[in-house]
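*Asks:* Kindly generate the complete structure, drawing on both the sequences and the hints.
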Amino acid sequence: MFLYSHCVTYDSQGRFPPGGWVRSTLCKTYDGVCMFETRNTVYVLIGQGREQTASLKTIFGLF
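Under the UniProt record's numbering, the sequence shown has 42 at position 42, and the numbering climbs by one with no breaks.
Check the hints yourself; a few may be wrong.
Pair by pair, the computed Cβ-Cβ distance ranges are [said to hold, decoys possible]:
#	residue 1	residue 2	range
1	Pro18	Ser55	25 to 31 Å
2	Asp31	Thr9	16 to 22 Å
3	Tyr10	Lys57	28 to 34 Å
4	Ser12	Val33	18 to 24 Å
To be clear, the hints were calculated from the coordinates, so they are not data collected in a lab.
Glycine included, each C-beta is placed from N, C-alpha and C at the ideal position.
*Replies:* Shown next as structure tokens:
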């Protein structure tokens, strides 16, 4: 599972600007509600979102 967001709200490490986009690396844990963790980052999900199936080619083709 991967995470894609088209509108970053805040990045405590300053890697992604507010309003920017992010595509995560492979998910390590997801609580099913709002906490999504990869090897190096914990994402707090806010707002409406959706789960969508996609091929790896599509995922890595994003931007």
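*Asks:* State, for the Cβ atoms of serine 12 and valine 33, whether the hinted interval 18 to 24 Å holds or is violated.
*Replies:* Check passed, 20 Å falls within 18 to 24 Å.
*Asks:* At the C-beta level, are tyrosine 10 and lysine 57 separated by a distance inside 28 to 34 Å?
*Replies:* holds, 30 Å
*Asks:* Tell me if the beta carbons of proline 18 and serine 55 are separated by a distance inside 25 to 31 Å.
*Replies:* holds, 30 Å
*Asks:* Can you let me know if the beta-carbon spacing of aspartate 31 and threonine 9 is within 16 to 22 Å?
*Replies:* holds, 18 Å
Hint compliance for this structure: no hint is broken.
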